[in-house]
Amino acid sequence: MWVGTLRGLNRYDRRSGRFVTFRSSTADPASLSSDGIQRVIDDPTAPEHFLLVGTRDNGMNRFHKKTGRCQRLIHDARDPASVGSSRVYCFHVQRGGLVWLGTSSGLDSFDPSTQRFQHFRAEDNRLSHNNVIAIGGDPTGDPAILWVGTWGGGLNRVDVRNGTFRSFSRENGFPTNMVAGILTDRRGVFWISSPNGIIQFQPATGLIHSYDVRVGELSNAFSGGASFQSEAGEIFLGGVRGVTRFDPLRIRTNPIRPPIVLTAYKVFDREVAPVTSLTGWTEIELPHW
1 MWVGTLRGLN RYDRRSGRFV TFRSSTADPA SLSSDGIQRV IDDPTAPEHF
51 LLVGTRDNGM NRFHKKTGRC QRLIHDARDP ASVGSSRVYC FHVQRGGLVW
101 LGTSSGLDSF DPSTQRFQHF RAEDNRLSHN NVIAIGGDPT GDPAILWVGT
151 WGGGLNRVDV RNGTFRSFSR ENGFPTNMVA GILTDRRGVF WISSPNGIIQ
201 FQPATGLIHS YDVRVGELSN AFSGGASFQS EAGEIFLGGV RGVTRFDPLR
251 IRTNPIRPPI VLTAYKVFDR EVAPVTSLTG WTEIELPHW
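Under the working numbering, the first residue of the sequence shown carries the number 1, and numbering increases by one thereafter.
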């Protein structure tokens with residue numbers, strides 16, 4: 001088991017119960033580029049031998065599991081083919097081995113065979129925001145479609161075939177433009193964690209439903225990178241007050257919209273008109289000073 005922390009990368013041996021820690025060293029260019037580990041995944045080109053390690057402040061690393069030696073892939077402003085930012089928030093492996101990175105400067109694609117990066121930025125009229133916190137695949141299984149969550153611009157649907165982007169944000173009914181995590185249930189419905197609760201989003205129809213502490217969440221504020229789905233389909237979301245766990249297939253939304261009914265008309269807490277007399281009223285005018 002590999003565990004990323006703010007003090008390096010740890011390998012946990014379940015048989016011995018011991019941890020081995022790998023740290024960054026300025027004297028060793030084959031060590032990690034930073035101790036602040038943001039995300040860890042298997043390298044899709046050689047998952048039995050290598051990890052890809054994203055850091056908080058110095059790019060990413062290709063880490064050899066057995067030797068602990070690293071190839072550093074660091075942001076270089078003079079090299080447009082280098083990683084686009086020093087902060088790497090997340091990874092997503094596309095079918096075929098192409099790796100997508102969420103960074104503080106936008107969305108990057110990384111080709112492990114050439115070790116070159118391509119960048120997609122808000123200033124290029126593509127992404128809605130450059131802080132990319134979460135990346136998910138399309139529920140239909142189309143490898144050319146990505147769903148990109150940003151911290152400030154909502155959710156983006158990206159078609160990598162033609163380079164088209166479509167955003168979903170507060171203008172479309174989201175309660176916030178901050179996306180912390182994206183998970184997909186077995187029906188193809190997205191469950192999006194945010195600092196303002198949980199968003200249920202149906203990508204096929206665009207329907208949105210929001211949930212908050214009133215339905216049992218520990219807190220409305222969920223953290224980036226703190227989302228997980230079990231093999232059984234349960235969703236676990238980490239936030240400022242702990243972990244919220246639920247089975248998305250058991251969440252039911254009431255399809256019946258209740259009618260609006262006037263039951264009383266009061267001014268300064270005094271009833272002005274009986275309930276029966278309100279029927280048929282189309283306008284109420286209140287005196288004001």
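Honestly, the hints are just simulated from the structure, not real lab data.
There may be inaccurate statements among the hints.
Using 25 Å as the maximum straight-line C-alpha spacing, the simulated DMTMM-like pairs for lysine to aspartate or glutamate come out as follows [said to hold, decoys possible]:
no. : residue 1 : residue 2
1   : Lys266    : Glu283
2   : Lys66     : Asp42
3   : Lys66     : Asp111
4   : Lys65     : Glu123
5   : Lys65     : Asp42
6   : Lys266    : Glu285
7   : Lys66     : Asp43
8   : Lys66     : Asp28
9   : Lys65     : Asp111
10  : Lys65     : Asp79
11  : Lys66     : Asp79
12  : Lys266    : Asp247
13  : Lys66     : Asp138
14  : Lys65     : Asp13
Every value quoted in this text rests on a predicted model; they were computed, and no experiment measured them.
Hints, one by one, checked against the model:
1. Lys266 - Glu283: holds (14 Å)
2. Lys66 - Asp42: Measuring from Cα to Cα gives roughly 13 Å; hence the hint holds.
3. Lys66 - Asp111: holds (23 Å)
4. Lys65 - Glu123: violated (38 Å)
5. Lys65 - Asp42: holds (10 Å)
6. Lys266 - Glu285: holds (12 Å)
7. Lys66 - Asp43: Measuring from Cα to Cα gives roughly 14 Å; hence the hint holds.
8. Lys66 - Asp28: holds (17 Å)
9. Lys65 - Asp111: holds (20 Å)
10. Lys65 - Asp79: Given pair Lys65, Asp79 is violated - Cα atoms ~28 Å apart, limit 25 Å.
11. Lys66 - Asp79: violated (31 Å)
12. Lys266 - Asp247: At roughly 44 Å apart (the allowed maximum being 25 Å), Asp247 and Lys266 break the hint.
13. Lys66 - Asp138: violated (34 Å)
14. Lys65 - Asp13: Holds. Lys65 to Asp13 sits at ~13 Å (cutoff 25 Å).
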